[in-house]
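With the hints as a guide, bring both chains together as one complex.
Those sequence lines, one after another, are chains Z and A. The numbering used here applies: residue 1 is where the first sequence begins, and numbers increase by one. The numbering used here applies: residue 1 is where the second sequence begins, and numbers increase by one.
Just so you know, not all the hints are guaranteed correct.
Said to hold, decoys possible - In silico EDC-like cross-links for lysine to aspartate or glutamate, where the CA-CA straight-line distance does not exceed 20 Å:
#1 K400/Z / D20/A
#2 K400/Z / E24/A
#3 K370/Z / D18/A
Hint data in this document are derived by calculation from the structure and do not stem from the laboratory.
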Amino acid sequence: MALQGQSPGLVVNRSSSRPGNENVNLQIRGATSVNGGSPLIVIDGAPAFDTNEFYQMNPDDIQSISVLKDGAASIYGSRAANGVILVTTKKGKGKMKVEYNSMIRTNFLGLRPPVSTYQQYGQLWVDAGEQDTVPYYWNWGEDAVRGFAAGEEGFFQTVPAVWGYNGSIYMGSADRYEELYGSNTGNQQSLSLSGSSDQARYRLSFGTSETKGALKTAYDVLKQYSVRLNTDFDITEKLNLGANVSLNKNVTSSPSSSFGRALVTQDPPVFPSKNPQGQWYANFGIGNTNSIAGTVDGGRNNLEENLAKLSLNLNCDIGYGFSVNANATYNHVNSREQTTTLTVPLYNWNGEYSNAINSNSTIETRHVTKSYQTYGSFLNYEKTLGDHSMKALVGITAEKNEFEELTGKRTDIVDEGVYDLDVATGVQTNEGGQQHEGLYSYLTRINYDFQEKYLIELVGRRDGSSRFASGFKFNNYGSVSLGWNIFKEKILENFDELSNLKLRGSIGSSGNQVGIGPYDYVSTIGTGTDLFGTGGTLSPTAYVNGLTTTTRTWEDVIMKNIGIDFAFFNNKLSGSFDTYERKNNGMLVSVTYPEVLGATAPETNSGNLKTTGWEAALNWRGQKDDFSYNIGLNMSDSNNVLENLEGGNAIQAGLRNTVEGYPLNSYFVWETDGLFKTQEEVDAYNALYAKSGSEVPTGAAALRIGDTKKVDLDGNGVINDQNADDPNGKGQGDVKFAGDSQAHYVFGINLGAKYKGFDFTAFFQGALEQTVIRSGVEAFPFSVPWSNQTTAYNGITWTPENTGATYPRLSAQRNLANWNWGNTDVFAQNNKYIRLKTLVIGYSLPDTVLEKLKMDKIRFYFSGNDLFEFSSLVDGYDPEAGNTAAESDGTINSSIYPFQRTIALGVNIAF
Amino acid sequence: MAFLLLASCEDTFLDLEDLDSVTEEVYFDTPKNFEDAANYFYRSLHSPKATNNDGFDMITDYGTELSGYIQEYGQGINTATDEDIYWSNGYTYLREANILIAKADEYVANGGNASDISESVATAYFFRAYHHFRLLKRFGAVPIVTEVTNVDSDVLYAPRNSRYEVVAQILADLEIAISDLPSTATGESLGKISNIAAMAYKARVLLFEGTWEKYVGTATDFEGSGTDNNSESYIAEAVTTAKAVMDSGMFSL
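Only chain A is shown next, with the shape it has when bound in the complex (with noise of 0.2 Å):
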């Protein structure tokens, strides 16, 4: 009698559900939830804590050739290793961008309004962006990453992206965010990325890239990886986008 009692509950001991975290598949159904996931992108911004907790400081006038941590730097004799912070954090931030435009994707193919949530996926472009562009920074070129990665996803063995690859791809995510992106980030919302400062934000990449194309050329890149010349207009496109921001009157000096 007991043992047709016990028989009868396999459920309630071994169905047991989370208590006190949402899950996923459940949790990206509203517009705000989605703007607080928007949130959590900007603790990756460059800062003191961002990519490596330790003697950041070092790097301001505290520091000297002489203090521990970048002597090496100091001194010149760094040597590159197998492991990179700049890396792993920059592929991690990455992943969290693509994880809101996915769901973004999916909650308007479930009849939900894709302007309601415009402004946070177009905040995840522009991380996107950013970080593609700091990877480009400090590696050059590098696997563009333009979907969410799973254990067996192809790009994680894939090789490496041309340079110009990558910087297509950033231009092409910063014009998706700044279409998208609010013009103002004040009161409230002050600190967030607005459509002027993603602009800005565009115009020092132009520049970066077009100055690199213009004196570094291909020299340094790896074979194969393209004989674009873009310096020209990515220079001048950097001229008038600098001046469309300057012209917004956001922002003064």
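Extracted from the complex, chain Z is given alone in its bound form (with noise of 0.2 Å):
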């Protein structure tokens, strides 16, 4: 989480708070191809394995993080379109010294998502029903709803419905969002020694961590420990070896049942978990849900993985200008993850068993190996010639991946403290499954300069791959840089308070195979079973997995980019200025075709995707005797177009991904004209609009005043979201364009003082426009009638007493609830925030007490994490709760895990 707002363009996502879990997102410039795509990440040379290498290293153990945006980052990998994270870690030098760092922290809840508690949820009831015209209580019942308001609890009587629910049912107050989540501790430990002597460097650390999410009803941990080992030695004067070994160990667990919508949204806030003889008590007396008694008993996941790595690298120079590099490594991964299912009985209020969670239960234990290699060798010559100087580097790539996985499953396992498939007395299923995948490139790159005024960089690659079939394995890339340092030109000589200025561009392309699977060019045979017989046996079943094609290959991204980088007052006043282009061409994109077609077709280059933006940072240092201080600003945006898309999405209401024309992922919604003033208004409308084909409305859920007013955009005097024989429109009827549901304007803002052994860091990260449209069962009141509802437009919705509200009038009609809010423009939110991210107060001990000591350094600190925000939006949900740029929208993180603030105090010592 360090890279947020670190480098302007980077974006860091993550979408959920859970350990282990987070589903962090990384994104370089933009949206590069509908098919997602994550940047390269390039540990001391070497490409990692995969993103979670990169986040579960030890941070004490990194140097330096360095971001690759444009043409420079092509020279890394043919899957550098995605622009590349240049990782460095700590080598050792000068005498040995030996660090720890301990640091101890507690989360804190952050914001409460806006569900209802008891009396909360019966006075929403309560409101809906004085405002329909036909009052609905669902299956509770007049009665019920008032006595929740109320605050009283017992058993109610409720109303014989669809669903079946009657009788007369307890009900309590039971918020569970307040049962399930609380605050909670961890702790992060490393140890360092590192040195060097005239002939070798040597690093090794050792760390540990442990972090907690915000359940409390059971453990939801992730512990982490490291040891890495770096060392590099000059064998001869002319001859480099490095050797890094690294080992890391994963421990993810957690509970296994009742995540997702059960936890928190599903169930209303009436049913007491446990019945008075302690049992778990089921929802509506005859459920089969209680988050509660899900998260305690229902069985664990617990992940398992380990990692280990080691890296060579050689140098060696050859003389007259030459030297030669090579590198491999090797990265191993097994893991072992195991779940159970287990069935928890639940109970009605009087004690008698009623249902259960996890009917079935089962056991499964999947075993993973991958290993990934990767190998590279290169060619270098330098030579200067007065004015002139050059480089060139020749050199080829290659990796390997391998994937194996095993599976056991068995059903029937009874919960009596040992978890084992050998415990376990059911049905026995098993699964198998490898994989493997390669690349190779051969590159060539040359730099040259004059007086150190004009550069140029050529890049030149040729990629294989082998997700694509023999004849399509191979593409040509390349890339051209330009560089001019004017600083450095006659006439800015004497410009005494100009420090640097630097003007850049470049041009490249690369390639990107992101939406490809490693065998997609060939026709696979599927297998499966079906019953037949007497017996009722199994028997083989065989299938044709798809049509494939073999033409497909690389998408191709052109990258264009002009920056400048200017600096003032002896690089007190810096920055720089970016502006890019980037297009895929060639972008795999699956193409509609008649259904008579009988199979999905194979996905073709046939998309084109072109992203545009700008980047930009400012920085200002000063110093006045003892205090130093710095201020650093940074701001980026993209904005993304799918120009050409054969056979993409039709318009309707909501969150299109592919729309031809329009940006990814984004909204459309019905264009209103405020509430409903008066009767005839209504009126009018109706006779105009309610008939066949119009979503208008009618009978128990007509409209009255105070609802919403929709526009018939396309004047065909129907109100719906398709219209195909629209000429003007692509078929989306009454609806119209609302945003994308990217950030926009990310911005960041870094401060920084230091006054003798006092230091002070904060970072704000923010962004100034997002359109986001709630969706999830509990975006607005009465979306459905038999879940948790959300009390964030309480007081703001139209009553006869309160004319002027922006939001409709209250209804428990679902129709009509859906008509009033549903993806309409007012619905729409804009979620501008900014958030003080990291915040960091230390305090070092003098020189003088540290002589006395034989320390070297003895600092303590303070620090907090997402401590507080501002948001713009309206339903208070967290404002990084639904901004996963790659592939989702504004959704609730349904299943309402909070996101947590932190506050550590932690000390570091060096000797």
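Below you can see the structure in the form of structure tokens.
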């Protein structure tokens, strides 16, 4: 998370705060392809296995991180189309040094999502009943909801309805959010020894950390252990060998049942979790959910991953300007995951058995082995002749990725404290699987500069991938980068205030192969079973997996970039500005064919996505006697447009992923003309639009004063979001474009100061514009009647006493509620926010004290994360909750697992 | 030196084949594999899960016109939609049957013994007829598909064939199926199609089309689709076929 806001253009999102399951998403300069793709992470010169390897690194091992975005990135590999993050780990230097860092942290709950309490829930139904033409209380009945609103607990007689829950049910206050979540503590320790001699440098480090999630009914934790040894040796003056070994172990343990919607959203807050006998109480007295019971007794998911990595790096200086560099890495991951889902009996209020969570108990063990090898060898040449200097590089890189898994599963396990496949007695199933893939590239780079003023870099690559059929495996790419150090020109020699001025530009192409499976060019057979015979025995079945094509190949990404770096007053004020355009030609997209084809057509390289954007950064550094400070600001924005997509999605209300001519993940909303003010308006509207084909609700859900008035944008006399006859539109009827789900004008503010022994850093991050349209069962009041309801709009909806309200009149009638709120322009929110992501205040003991203790450094610090935020969201969800730019939208983190604020105290000791 | 080593092993990194599935090219080479492929067709028979996972039970006595899923049908306000799962799934199932028939031709052309796979092939013909008939009942005249479709096939954009052509195709396919299917399907094969069962199905097809042409005629079919009136011959044939089924003694009430 330390990467957020460090570099403009790099957007880091996480969509959950569950440790080990955060779904962190990195994107550099917006989306490259409709198929996603994340930046390539290069650790110490070799590509990382996947982004997980990077997240699991001990943060104390990292020396620096830099982000490559333009043509310079293309030297790093065929996966660089999405940008490159270079990570350098610490190496030893100087005399031997021992460092010990320790931190203890406490997490507090962050923003509470607008889930209702017992009384709020009842009051919402009562209010809606007063506003409705025909009051509707679902199964509760008016007496029950008035009872909830008054805080009465006891048996309520419910009303028989379609869902069959009738009879007398005990109901009482049960705020699941309070029952499930609370604060917790964690810690992080690391120890390192480092040093160097004339001919060798070494660093050995150990680290452990424990992070817990907000769940307090059950253990939800991620524990990490790591060891790393970095060494390099000068075997001779001209030969240098580096060898790094690292071992990581990650253990994630969490409940296996009742996550997702069942946690807090699914049930109204009216069912206490235990009955008077101390048994788990079933929802509605006869249902099968109880999220407290599920997280406590429903089984666990334990995942243990072991990662071992060895990397070797050889540098040899041959003389005459030539040198050779070769590297090889080998990563091996072994993971074992065991998931048990246990049957949890649920009872009614009188102690009689009623139903069970997980009526079929299962135990599943999954072993996965992965290995990843990379090799590279390069020949370098350097030469300087007077004002001219040049460098050339020729090389080959190769990598291979292998994967194998074995899963065993059995049903019918009884919870006796022993969890192993052998203990379960039911049906046994198993599953295997293996796959492998590889990349192979030839590359070359030439740098030339004249007087260090005019620079040019040329990169050429020939990339091959095993994912494509023979004849289509290779593609050629290249880039040109130009730089002009204006600062070194004679005319600016006397401009003392200027310390740096450089203009740069680049054009490059690279390949992207994200949307393709490893063997998609081959038509394969899938197998299954079916029942035949008098005894009902399973016979095997076989089928062709689908249509394939051999002509699929790399997506071509062309990136153009112009930027300027400047600095004034001896680098006190510095900054940069970049603008770029990235075009993905031949993006893999699915094309729609007539259904007579009888199969899903394979994706073809027929899409075009264009992304444009800019980035700006400004930094100021100052010093006065003992006080030094720095302020940094950065901001970026990117926009994409799907220029060409055969058979793209038609437009309908809501979030559409791929619509030709619009950005990816665009929202389309109904245009509204305020709320109805008089009954004459309602009657006139109904006369015009309430007819077949129109979505205007009728009957008990008919429109009233205070309901939303939707505009007939396409003028065809019908209110709907499909109009195949509209010659001007894409069949979108009455909905219009309302922005895309990506965050725009993302910014970061870095503040730092030092005074004597004190140091202070703060980092703010936010966005100025992001369209969010909440979806999910709790998006707006009464989107569905059977779930928990949202309190976000309490008091700001239209009532006869509050006719100036923005939001429409409450209604418990589902059709009317959906008409009023669903995907209207008023319901779309702008997520403008700023958040204090990090605050660190530290104090280092002065040198005089350190000398007496014979230590090099002792520093105490206090740090806080996500301490506060301001957000313009109306419904009170966390501004980062629905922010995963790659694939989803402003939906509720539907498990409503809250984000946490962290406060930590730590100490750094070095000697 | 490391260079040359790397330059020579391009294939180890790029020539990688699927490790856990068999490819289509090599699969259809034994009678057992043909049988497995034929077994796969049975999941497409008309059952609660075959075409639409949702709400099939609503069409039983559990459902009423108040029930959400079939409310529109019950109240008579159903509107025709742009997509229909009976259409899409129908052609998916037809493609599977056509693949098996095409692979059977290749098998025989490569020297395989046609009689070893005749039962599987007959099953494919039966299912081809079955799905054409289901499409006929729901949509009337539809495009006929008798070869494996691909993204550039003409049939994707061709106009629909007349219902008379569709019926002729169904009956022709059923003839082939009847001649090659085994006469019993008991024991281990209980549940699979037998030739008497196929004959019973043929009788049903004949009765449907015969009565359609007799009472509806060409009034609701689209223009230019033919003026044959086979109602007399179909109904008569339906009678004889049904009698043959009854006489076979394979089934009883």
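Handout entry: Given pair status - D20/A, K400/Z, alpha carbons within 20 Å
Key = Roughly 17 Å separates the two Cα atoms, so the pair holds.
Exercise for the section: Mind checking the alpha carbons of K370/Z and D18/A for me, to see if they're no more than 20 Å apart? Expected result: Measuring from Cα to Cα gives roughly 16 Å; hence the hint holds.
Practice task
Below or equal to 20 Å on CA atoms is what counts here, so check K400/Z against E24/A.
Solution key: Distance of about 26 Å is beyond 20 Å: violated.
Checked against the numbered hints above, the structure violates only hint 2.
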